[in-house]
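A.B. asks: Residues per chain are reported as follows:
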Amino acid sequence: MYFCSKWLLHNPNSWCQKYYTSLLHKKFVAIGNIAPLIQVTLYHSEACKRKHGFKNATMRYFTGTTSNFLLDREKIKSFLEFDKKLSQEMENYDPPLTPLNSRNFADFVNSSELLQTLVMFGVNLSILQHSHPASIQFLVKLDMERDLLPKLNFLKSLGIVAKEFGTLLTKNILILNPTKVVDDLKNVVSYLKSKQFSSEQIASVVVRYPQILNFEVPMLDAVLGFYQRVPTNYENRPIHYRGDEVRTIITKCPQLTGASTEAIFLQIKMLEISCGFNISQVRQLILSRPKVLLAEQKSIEMLYKLYIKEMLLTHDQLAKNAFVFDTRLKVVEPRHFYLKSMKRNIYQENQPGYLPLYDIICSTDQEFCEKCQLGPYSDYEKFLKTQ
Amino acid sequence: MVVTYAPTAHKLLQGVFAVYKPSGVAISSLLREVQGRLVQDINTLEQRPQKQMILFKPASETHLTKGSLLDCDTSEPSNDKLHHMVPTFVPDWFDHPLVQGPRYNNDSFHISAGHTLDVHACGLQVLGLQEQGEEILQKMKKLNLPRRYQVKGQFGLASLTFGGESRIVGKSTWDHITEEKITRVLTVLQGKHRNACMEASGLDLSSQQAYRLASKGFLRPYAPTDSVLIDMKLTLLKLPEFILDITCIRESCIFIRKIIHQIGLELRSNAICTQLQRQQDAVFTIHDELTLLGKNVNVNNVIDSINHTNNILRKSVLKRKRYFAKTSVKMLQQNKSDILFPEPSKNSTSETVNKAFDHLASS
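As given, the protein sequences belong to chains A and B, one line each in that order. Using UniProt numbering, the first residue of the first sequence is number 1, and each one after it goes up by one. Using UniProt numbering, the first residue of the second sequence is number 1, and each one after it goes up by one.
In case anyone wonders, no lab produced these hints; they're calculated from the structure. Errors might be hidden in some of the hints.
[Stated by the list, open to error] Computed, partial: chain A to chain B, Cβ under 7 angstroms:
1) Val109
2) Ser111
3) Thr117
4) Val119
5) Asn124
6) Val246
7) Thr248
8) Lys385
[Unchecked claim] Just the calculated beta-carbon pair ranges, DEER-fashion:
9) Leu294(A) <-> Asn300(B): 31 to 39 angstroms
10) Met144(A) <-> Pro91(B): 18 to 26 angstroms
11) Gly217(B) <-> Leu294(A): 54 to 62 angstroms
12) Lys51(B) <-> Phe383(A): 46 to 54 angstroms
13) Arg344(A) <-> Val2(B): 17 to 25 angstroms
14) Lys295(B) <-> Gly276(A): 46 to 54 angstroms
15) Lys51(B) <-> Thr117(A): 18 to 26 angstroms
16) Lys238(B) <-> Phe226(A): 40 to 48 angstroms
17) Phe226(A) <-> Asn300(B): 48 to 56 angstroms
18) Gln297(A) <-> Gly217(B): 48 to 56 angstroms
Ideal Cβ placement from N, Cα and C applies to all residues, glycine included.
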């Protein structure tokens with residue numbers, strides 16, 4: 001308010017006056033002291049009108065509403081004195097203030113440099129607002145050199161490129177919490193190194209699943225121990241994995257460290273009982289595609305029914321080609337029926353005209369038509385319109 | 001024409017288009033899929049630029065940079081440092097896409113469905129995008145246009161919901177069924193429905209107009225009725241399986257399945273419907289390239305199909321009819337002999353209408 005009045009006093013001649021008079025009217029009506037201010041501006045604009053014949057709509061509006069006060073120059077003088085006092089008080093005042101309280105992260109971005117640098121790294125604040133709404137409490141108070149830089153330098157030392165910081169921090173903003181020191185992060189990494197994870201493996205695990213840095217070391221140790229000796233439906237016959245096998249499982253699917261052990265036990269039970277795999281087949285499945293343990297039970301059962309009852313595959317074949325559980329039923333089912341309609345549904349290796357499962361299941365529709373030599377892609381689209 | 005700028009694409013995504021619905025997918029999940037794909041695709045296009053805000057900066061900084069709003073009068077010497085502050089345009093962080101989230105979300109597309117299909121039925125499903133699409137769908141609903149279905153059935157079985165998905169309740173023989181017997185049953189059924197159709201048309205059946213409409217096949221029910229069968233045809237018979245083509249108005253999927261069940265009973269056997277596929281709905285046909293598969297739903301594909309259907313529909317549905325006011329119509333009826341009544345087929349309409357209004361004004 002102070003500033004605007006000053007600025008208008010010194011530059012009454014500008015075209016920007018229109019903008020500021022409207023702005024004043026919008027923003028400072030709530031304050032209540034608008035009347036003298038308008039008079040000051042009008043006083044000058046009237047003067048300038050006499051000189052240059054300057055006219056605009058807002059001026060006409062104000063002259064209409066406040067014509068009674070126009071000649072009251074004592075009030076103007078008192079306001080100017082008040083204004084001088086203000087100017088002495090507010091010399092060291094920075095105009096963009098942070099809002100006192102807000103749920104929206106966007107309200108703080110213009111005032112906080114740290115949030116701006118986070119956005120420049122590629123951190124998605126709109127996602128953070130839903131996933132960690134409380135994180136704004138510490139994000140605003142962070143200091144760039146004290147809190148942010150040492151942690152980013154630590155991540156850089158792991159071999160993570162600056163491009164990946166954005167996705168990493170959106171997944172796990174709690175790294176930046178000042179209660180968590182760099183040593184806590186170092187502890188987790190040094191534990192993983194002590195378990196003979198290579199530095200490349202550690203970097204890929206941290207990038208894909210940065211929540212691993214939040215774990216405490218004994219907790220992480222227990223989880224890795226669980227995967228060395230996974231329980232099955234038979235109490236006496238757990239699945240044993242060697243050290244290097246556990247390492248490949250964790251690097252293939254680091255999300256397993258965060259999953260609850262009970263859910264994983266139930267998933268293995270489902271693979272054994274309702275899908276009918278034996279223990280060595282389950283072991284093979286998990287080793288090649290550990291993602292099976294996190295998939296939805298219903299989708300896996302439906303896929304299993306399609307493979308065993310419709311496509312007449314054997315359990316051994318499924319366990320060898322574990323990628324069959326990566327897709328959705330919606331993708332595989334029409335492809336099988338298309339092959340069946342052309343009488344080319346031959347999935348056994350020893351038979352002539354055998355089609356490899358990888359080409360059928362893990363490819364786009366165009367690739368599927370090309371690799372299996374099924375004619376033009378448009379024919380397949382026509383077939384899809386009969387399903 | 002390929003649209004690459006997201007706001008123009010969002011403006012163009014208004015109207016009606018057709019999608020193929022596979023069996024086993026509920027209508028709600030189809031809508032969700034289409035909406036999700038549109039949102040995902042439109043966010044990859046070129047977005048509107050970030051908004052800018054005004055900041056006050058010292059004049060010494062802004063003299064060198066571009067974008068200062070005005071040249072400050074630096075000639076006047078002044079001790080006040082704020083006097084030298086100059087407003088400049090700066091990109092507003094508040095409007096950054098990473099802060100505000102993607103520009104388009106699920107709320108920016110309002111999708112409504114036309115005459116809906118069952119979960120187990122498959123075929124062509126008409127969808128309306130935004131409010132304009134919903135309006136067109138309502139207008140098309142009032143027109144009562146017929147829809148064509150292809151029904152695959154099987155004799156000798158009876159199930160709880162007349163379809164192949166539910167539990168089989170009964171079995172019977174089907175050896176005695178021939179093509180002739182089926183066509184006889186179909187003609188009887190069709191005749192009954194045709195009579196009901198004529199009664200609901202609201203015309204005097206002995207009049208010339210009714211004869212003319214009926215001979216062209218335009219005699220359709222205008223009063224609210226139940227579902228009406230217009231045409232039934234046996235296209236293939238390979239016992240125990242058969243294929244029927246059915247055209248009808250105001251039908252539901254259960255109604256068609258029930259009719260298959262009734263045909264089975266009439267033939268002294270049972271029948272279930274193994275597949276129900278909608279092949280045509282008003283101007284949309286299933287084999288057209290512009291009816292999209294779920295995976296092909298895409299901003300540019302949808303815009304193409306919307307434009308195509310708009311060109312067809314503009315003649316009948318989208319065009320607003322021009323009515324006379326009630327008083328003028330009465331006056332027209334009173335002195336019919338004096339006035340040139342507008343006949344759109346012979347003369348150009350605007351001239352004749354103008355003449356009629358001139359006459360009215362003078363009288």
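A.B. asks: Any of the earlier hints contradicted here, and which numbers?
C.D. replies: 2, 3, 6, 7, 13, 14 and 16
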